[in-house]
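Numbering (our numbering), first residue to last: 1 to 346.
No lab work stands behind these hints: they were computed from the structure.
Warning: the hint list may mix true and false statements.
Claimed, not checked - Cut-off 25 Å, straight-line C-alpha distance, at most; resulting in silico cross-link-like pairs (BS3-like, lysine-lysine):
1. LYS282 <-> LYS196
2. LYS196 <-> LYS295
3. LYS282 <-> LYS300
4. LYS295 <-> LYS240
5. LYS282 <-> LYS295
Unchecked claim - Distance ranges between label pairs, derived from CB positions:
6. ASP312 <-> PRO234: 40 to 46 Å
7. GLN36 <-> PHE249: 44 to 50 Å
8. GLY329 <-> SER308: 31 to 37 Å
9. ILE264 <-> ASP312: 18 to 24 Å
10. ARG283 <-> ALA95: 50 to 56 Å
11. PRO203 <-> PRO234: 43 to 49 Å
12. ALA67 <-> GLU265: 30 to 36 Å
13. GLY329 <-> ARG62: 56 to 62 Å
14. PRO234 <-> GLU265: 40 to 46 Å
15. ARG62 <-> ARG311: 27 to 33 Å
16. ARG32 <-> TRP93: 26 to 32 Å
17. ASP312 <-> ALA67: 47 to 53 Å
18. ARG271 <-> LYS196: 19 to 25 Å
For each residue, glycine too, the CB sits at the ideal point set by N, CA and C.
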Amino acid sequence: MPALGGPPLMVWVDVEDGDHPLAWAVDAVLDRWTRQGLQFERLHYNRLPTLLTDPHSGHDWRLDELARRRAGAPLLLFSRLDDPLDYDGTLDWLAALTPWPRRALIDLNPLPDTARRAAGLAQRLELARLPRLPFTDDGLVAAAALLATGERRGPPPPPPNLPSVDMLRGPLARWLVCACCVPQPTWAQLEAIRVKLLADELPDARLVQHLLDINRTPNGAEPISSDGRTLWLPPAKVDKVLGADRRAFGGVSPLQRASLDLLIEQLDRARPEAGTLAEWRKRLRIACYELTLGKRAVEKVLAEFADSPVRDELERRLNQEDRVRLEAGAGGSGAAGEGAERRGAA
1 MPALGGPPLM VWVDVEDGDH PLAWAVDAVL DRWTRQGLQF ERLHYNRLPT
51 LLTDPHSGHD WRLDELARRR AGAPLLLFSR LDDPLDYDGT LDWLAALTPW
101 PRRALIDLNP LPDTARRAAG LAQRLELARL PRLPFTDDGL VAAAALLATG
151 ERRGPPPPPP NLPSVDMLRG PLARWLVCAC CVPQPTWAQL EAIRVKLLAD
201 ELPDARLVQH LLDINRTPNG AEPISSDGRT LWLPPAKVDK VLGADRRAFG
251 GVSPLQRASL DLLIEQLDRA RPEAGTLAEW RKRLRIACYE LTLGKRAVEK
301 VLAEFADSPV RDELERRLNQ EDRVRLEAGA GGSGAAGEGA ERRGAA
């Protein structure tokens, strides 16, 4: 984005409940602008920009205070803005943006015209004179031109041309299997899995929106943890997905093995302080992944963590493995089943 002249650019980033699936991509764009020497003031908000926070200093700004102190600055918002009903059913804050006549919204949702989007969203944005542009290179260039002149020239760039869900049922199902191996992956882990194992089938990071949409809860909510940092799937669904995959392959599938190997590789790079809970959890996760891969014996894993602060977590993970085996039609036999017998006899 070129220098705009006048007051420094203001960038407002909607971090939703603390994080979301494309927050890392926004960070990458803003980091690139910083390296290129662009001066801008970055503020975060949680869904409604009535209170914004400086992520560096922690200082909070009320919207009316910003209107007095930063009026006239070019303003760029980054938000998924998936559905106004997710924002307390209101977009009244749009009317408070008049102190920034040069303004634009980068729509992080790569599927702007899906049925889930409220019919009045586009009209509300238009009435508020908040141009909506796609999260693409062309969209960012168009935003720069609009903020520099205050005028839009020509129609907005099109949204990214992504394959439909129906075209990607198989790859998305495989991505879900990989995700269930974690089983609450961070967005960085999901992206690493896509890049390492599924990039040919799923060539765009923004396809994570498809994964979210086909795994929405019965009430339509996205499968995202309360802090926004991970994909969240009900344990019963995780058991069912992994069990079906193992049933199809007669055991731990090559895809599950590749996923677990990748997770172990990632954990090996982590360096938590020795003796801390983080270090115990790292060891436990590696042990459980290697147990599933057949590289460790249950009795040795039980002995290693018998008096550890993660013993309860080990029990939960072994119980999950037992449930997956039942879903796969293997009964309670095998490594985890033997572990259940040993735990019951203890």
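Against the structure, the hints:
Restraint check for LYS282 and LYS196: the C-alpha separation of about 21 Å stays at or below 25 Å, so the hint holds. The suggested pairing of LYS196 with LYS295 holds, with an alpha-carbon distance near 22 Å, which does not exceed 25 Å. A C-alpha spacing of about 17 Å is found between LYS282 and LYS300, which places the hinted pair at or below 25 Å, so the restraint holds. For the suggested pair LYS295 and LYS240, the alpha carbons sit about 24 Å apart, so the restraint of at most 25 Å is met.
For the suggested pair LYS282 and LYS295, the alpha carbons sit about 17 Å apart, so the restraint of at most 25 Å is met. Against the hinted window of 40 to 46 Å, the Cβ-Cβ separation of ASP312 and PRO234 comes to about 20 Å, which falls outside the hint. Separation of GLN36 from PHE249 is about 48 Å and conforms to the stated range, judged on CB atoms against 44 to 50 Å. Here the CB-CB span from GLY329 to SER308 is close to 33 Å, well matched to the stated 31 to 37 Å.
At roughly 22 Å, the beta-carbon separation of ILE264 and ASP312 lies within the given 18 to 24 Å, and the hint holds. Against the hinted window of 50 to 56 Å, the Cβ-Cβ separation of ARG283 and ALA95 comes to about 54 Å, which satisfies the hint. A hinted range of 43 to 49 Å is violated for the C-beta pair PRO203 and PRO234, which are about 29 Å apart. Between ALA67 and GLU265 the beta carbons are some 49 Å apart, a value that contradicts the proposed interval 30 to 36 Å.
The hint said 56 to 62 Å for the Cβ distance between GLY329 and ARG62, and at roughly 58 Å that hint holds. In this structure the hint that PRO234 and GLU265 lie 40 to 46 Å apart at CB is violated, the actual value being about 28 Å. Between ARG62 and ARG311 the beta carbon distance is about 47 Å. The supplied range of 27 to 33 Å is therefore violated. Checked against the given bound of 26 to 32 Å, the beta carbons of ARG32 and TRP93, roughly 28 Å apart, stay inside it.
The beta-carbon spacing between ASP312 and ALA67, approximately 50 Å, falls within the hinted interval of 47 to 53 Å. A beta carbon spacing of about 21 Å between ARG271 and LYS196 agrees with the range 19 to 25 Å that was offered as a hint.
In summary, the structure is inconsistent with hints 6, 11, 12, 14 and 15 from the numbered list given earlier, while agreeing with the others.
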